[in-house]
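Enquirer: What follows is the residue order along each chain.
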Amino acid sequence: MSLLEIKNLHVKVDNHEILKGINLRVNAGEVHSIMGPNGSGKSTLAQALARRESYNVTSGEVSYNGKNLLAMKPEEAACEGIFMAFQYPVEIPGISNAYFLRSALNAIRKYRGLDEVDAMDFLPMFREKLKLLDMDEKLMNRSVNEGFSGGEKKRNEILQMAVLEPKLAILDETDSGLDIDALRIVAQGVEAMRNPERAILVVTHYQRLLNYIVPDFVHVLVDGRIVRSGGPELALELEEKGYGAMEAEARHATPV
Amino acid sequence: MITATQQLERYLESFSEFEKLAAGHDLPWLRKLRQNAFARFCEVGFPTTHDEDWRFTNVSAIAQTAFRLTCNRRVRPPQQELEPYRVAGVTGQLVFVNGHFARELSLLGRLPNGVKVSSLAGEISSNPGAIESHLGRYLDVRRDAFCALNTAFVEDGAYVHIPRGALVEEPICLLFVSTGDDAPSMSHPRNLIVAEENSQATIVEDYVSLDGGAVFCNTATELVASDHTVLSHYMIEGEHKQAFNISTLRIQQGRSANVVSHSVLLGGALVRNNVHPVLAGEGGECLINGLFIGNSYQHLDNYMLVEHASPRCGSRQFYNGILDGHAHGVFHGRIIVHKDAQKTDAKQTNRNLLLSDDAQIDTKPQLEIYADDVKCTHGATIGQIEGDALFYLRSRGIDEVSARKLLLFAFASECLDRMKQGPLRKHAEELINRSLFQMANSAPGASTENRREDTGRNWEEVG
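Chains as they are written, first to last, in the working numbering: chain A, 9 to 264; chain B, 53 to 515.
Worth flagging that the hints you see were computed from the coordinates, not collected in a lab.
Everything numeric in this text was worked out from a predicted model, so none of it was measured.
There may be inaccurate statements among the hints.
[As the list claims (entries may be wrong)] Derived pair list, reagent style BS3-like, types lysine-lysine, alpha-carbon separation capped at 27 Å: (1) A:Lys20 x A:Lys75; (2) B:Lys478 x A:Lys146; (3) A:Lys161 x B:Lys478; (4) A:Lys161 x A:Lys81; (5) B:Lys457 x A:Lys146; (6) B:Lys457 x A:Lys118; (7) A:Lys118 x A:Lys137; (8) A:Lys81 x B:Lys478.
Let's have the full structure, built from the sequences with the hints guiding it.
Expert: As structure tokens, this is what we get:
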């Protein structure tokens, strides 16, 4: 059984159909990359899987870990092990990063019938992860993402992922706006989490991140459909030729 | 509907009775103070919404109700009923029941030598000279009818005297309990707090109610912050949702005095909190920090009048409001910079969260500047809980109700963060948490069994 199985998924946002029949199968231990031009529906797919309510699923099925993902609320999906790293992490003044992360961890632990972690035990638990992401412990006492640089925000997303240990991680354009040093740190953080029980979906516009997180499969998303799938070499081909050729192909193939 | 004349007649009846027997009725200066104040009240009557200072707050529900002074002054709730209102980590607490000092319910605290915390009525009898030199010297009965009414019925409340150079570390806690009565009852607690030069203290006024019923608490506090004092004042309104509460804090600040006023309005049906500092000495600093949280049909009015009367003073007003249901909030921030108050630095910020379509906020800055070298700024925002932030929290496993509560608490914590760490901040935090928890549970998305019924307003807006 696949960890994630998407069948003929259609999603509307503000009454516009963005995803027009996505089919995708992801097994535990695999890294898949979803690539595509702007507006192709990459982020919509990520948000729909994270169960954002304003993303209206009009038809299709998504089974995750044997359960119907489309029946879950965002918090249920998270507790079941889905994590999306946001393209634009949200600033939340007034809530400290440490408090937020501990609340999230405890919500998930509680869902799974585990004991809550108290404030004393919390920070020491993941000092190593902070170090891996080259993050200053001081950031934990600041409000969530408030006044963080772009790189700090993205590293904070990966830190959350490292602490919450999801079964399915979705990185929504985590590379956008990152300089090469920050990109390496973020990629290193993700690579460290790669294991046979976990699947990772890397949503990206460019191939660069894939130099550091080498995917097992690459899918090209154009106009709400996956138009090609292949191995890592497909990403390189795209980098060389651009999306133009595939977009033209897709238009040609679109039934009228 | 009763006429204005009938209203006055009723108050006249109460006043004549009160005046004969009240503490200090034989002191000519006090008699005069009461009579002048009552005459002023008769002259102006209750304000209407045509009055600029009362534009957003209709008090006709108070004017139309036949409130009487509580007949039985000896009402004493059992000790254990007060337990929830004790402040953890503080040993002392003065308790006032329907405006009258209740010695047997009060707790003696640890106070440095020379610091006096007692009942105003007691001091009027035993120490009238000290009272005469301050009482009614700062609160202006011409400002509004409620100040006049309070002064007309002035008798009991807290008297706090902090001698020169004293450092009072433990907060001075004052608890005002209304017990309700068969008939609508009113009380007019009056507090006089005199801090002498270079002293430091923290005072909290907690307003709570034990039973339902129509109660009208019209309280006033004169706070004298002499030169170089450092004072914090907390006002926490936590009465039941049918109570009327009008309060005025009049602060008189001397040279380089540093005063912080925190107001937390959580309870009450119709609440008006006036904070009126006069920065009379050079180099004074005043921070006015407030939070109001309302739901159902609560009306919470925050009125600030900050008078800069001397050069080089600074004032800061920060008020955050959270309104749900049909609640109506008001922020009226008036700053007057007098002619000689050069180098004034005044700032005012009001931020609001409206959680329902029917909640309403009126926010009004009013700057009157008669000096030419000053810095005055103001700003107001009105918003809702942000969908992005809510989704962000939920996508990390936090359920919707908890996520809402976290976001509301984060907004409220801007106000809490301005309070010094200690038992009072903890106390305020607990009360705020409780209010927000109720609010988050009743918000959209909360399960129906937790949803509270909106009981509607128990009073009508007339006129």
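Enquirer: Mind checking the alpha carbons of lysine 20 of chain A and lysine 75 of chain A for me, to see if they're no more than 27 Å apart?
Expert: OK: lysine 20 of chain A and lysine 75 of chain A at ~22 Å, within 27 Å.
Enquirer: If you draw a straight line from the CA of lysine 161 of chain A to the CA of lysine 478 of chain B, is it 27 Å or shorter?
Expert: 31 Å, violated
Enquirer: Given the hint that lysine 81 of chain A pairs with lysine 478 of chain B, does the C-alpha gap stay at or below 27 Å?
Expert: 34 Å, violated
Enquirer: Is lysine 161 of chain A close enough to lysine 81 of chain A, meaning Cα to Cα at most 27 Å?
Expert: 25 Å, holds
Enquirer: Between the alpha carbons of lysine 457 of chain B and lysine 118 of chain A, is the straight-line distance 27 Å or under?
Expert: The hint holds at about 18 Å.
Enquirer: So if I understand the rule, the pair passes when the alpha-carbon distance is 27 Å or less; does lysine 118 of chain A with lysine 137 of chain A pass?
Expert: 22 Å, holds
Enquirer: Has the given pair, lysine 457 of chain B with lysine 146 of chain A, been kept, meaning a C-alpha gap of at most 27 Å?
Expert: Answer holds: lysine 457 of chain B to lysine 146 of chain A is near 25 Å, not above 27 Å.
Enquirer: Between the alpha carbons of lysine 478 of chain B and lysine 146 of chain A, is the straight-line distance 27 Å or under?
Expert: Judged against 27 Å, a Cα distance of about 24 Å means the pair holds.
Of the numbered hints stated above, those contradicted by the structure are hints 3 and 8, listed in ascending order.
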